[in-house]
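Engineer: Using the working numbering, the letters of the sequence shown correspond one by one to residues 112 to 699.
Take the hints with a grain of salt, since some may be wrong.
[Unchecked claim] Derived lysine-lysine pairs resembling DSS-like cross-links, with alpha carbons at most 27 Å apart:
| # | residue 1 | residue 2 |
| --- | --- | --- |
| 1 | LYS405 | LYS498 |
| 2 | LYS629 | LYS676 |
| 3 | LYS244 | LYS258 |
Just so you know, the hints here were simulated from the structure itself, not pulled from any lab data.
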Amino acid sequence: MTAASPRSDRWLWGPVPDLLLGCGLLYALAFVILAIVGPQIRVQQALFVFPLLILLVSTPHYGATLVRVYEQRAERRRYYLFSVWLSLGVLGLFFTALFLPWVASICVTVLFTWSPYHYMGQNYGIASLFLRKRNIAVSDNLRRVLKGSFFLSFAMIFVSMNIDGGQPVATPRGYTAPELEFLSLDIPAWTFFPVSALYLASLVGALILLRRAAPMRDLGPTLMLILSQALWFSLPLAAIRFGWFPGIEVLHLKERAYYFIWIGLAHGIQYLWITSYFARSSKPWSGVSSYWAKTVLAGTSIWTLPVLLLAPIGLGGFLPVADYAPGYEAGFALIVAASVNIHHFMLDGVIWRLRNQRIASILLRSDESSAEEGTNAEPRTRRWLPKTIWTLAGASLVTSILVVWAQGCAFPRDLEQGNWRGAEATFRTLDWLGYASPQNRIQVGAAAYDAGDTDDSVRLFQEALANQPGLSNAHYGLGRALEARGEIEGGIRQYFEALEVQPGFAEAHFSLANALAKRNRLDAAIMHYRAAIQSDPRRVSAYNNLAAALASTGDRHAALEIYRKALEIDPTNPTASRSIENLEGTLR
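All chains should be modelled from the sequences, with the hints used to inform the complete structure.
Structural biologist: Okay, structure coming up:
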């Protein structure tokens, strides 16, 4: 082990920002808070919080890569193979995925698989950087074991995603869409156990070798990054697979998509921290705020422009999205996310891999020297191009802010106030910008139903189903609206449609049973009341109505038994109390 380097060389931005932002201490503190009061935070969190944080943190981290590759003419020339040809290839892949669902499914699989590998690689790279910063002699054994511990953490994710049909439990977003699927390798479930054991063994080995290589005061950042990797992936996956810590929601599978957004934000912060340091080391550098502003503009453009391009405001009338991904939340968003991330992963890998001179000499342009002889200034005839690009980026940022405000503030506010027409106007604006959502129509349709505007409720639910067929809650809402309009048979058909999609849908069983009872089809009604109770055993109204239907068929003993069960669930239930008294009187 060599002597420690001067203290000014031990950090990038300083001990506090490096530990908090770069090494994951901020997320570790957040993890503790979420472990204690996570459910309360999740329930009370305003809808605009995640979209706003994503706009301020995650989106710029994509922009940081774009700024690194595209901002300076010399860099564009240097990375020409990737900045032009690779990017055109990803663009072609994006348009192909819009019309071929199997291509889109491959892209989705690549996204879900490569994303945790990308996170892992960043953690390992920064951990190694801090070892070099402290002039710690890293033996080949230490390098292999340390890298192996990070890689095996990723292997745990890979195996978990490919077990039993492939449930991507570690993905940043919980998108689902018809005909888009994660293409699982169907790895046997038992493989998770040896991979976990190897991870634990490599982790212990890495810690022992690190302790031998340097004193603890020099290992703090690297150990923090090892902990970050464990908190992001290894510990939650082990808790899910082995059933550990059942009382800690942050480690549960059910809410994994929600909590992974916090991990995605931590990754974005970490990425901006490291890229801004390297940007500061190069020229020109105009400060953190200026750099962040450029990354926000660049990041929002790559996420927003594809949506605007195919929106009604753009080319939507001439180049519509394919039937299998008809709206933003009905598959299109997932295709955009896959394309943007694949492009980001590739460019990011190029930037860091090409720091290796042997690789760079093969892949970079051979005429770098001629580019460096000139300046970074654009030729006079091309000065319009960067201005146009930054103008489009500015329009993308304005659109993103509008979407965040509409989805996180205006829309939920109008629904809460019962102003369903205002909420409809908001989602119509979102549709125009390309952010169509069947769920928005379903929520507004339910609000119109509650307001007694059944005709409009029917219209909105029908729109939702036209936009994305097979939505069980849309069929259920349409059934209620039709029934309220007097079209009981139409309502019954919609309830059956809802149950075909979601057999355990308690509300649909209950409403269908009520509609069947109105038509005096009591045997069928009884069957669906029982199904509603099976799906929701504490639904007192289902017990009451089931007992009434049984009594109507003459089975008073069975009705009495059901009323007594209802009274056990709710001792203050007046319907059950009164009916029990009446039935006992008739049975004496």
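Engineer: Hey, LYS244 versus LYS258, does the alpha-carbon distance stay inside 27 Å?
Structural biologist: Roughly 18 Å between the alpha carbons, so the hint for LYS244 and LYS258 holds.
Engineer: Verify the proposed pairing of LYS405 with LYS498, using a straight-line Cα cut of 27 Å.
Structural biologist: With Cα atoms ~13 Å apart, LYS405 and LYS498 stay inside 27 Å; holds.
Engineer: Do the alpha carbons of LYS629 and LYS676 lie within 27 Å of each other, as the hint requires?
Structural biologist: holds (24 Å)
Every hint from the earlier list agrees with this structure, and none is contradicted.
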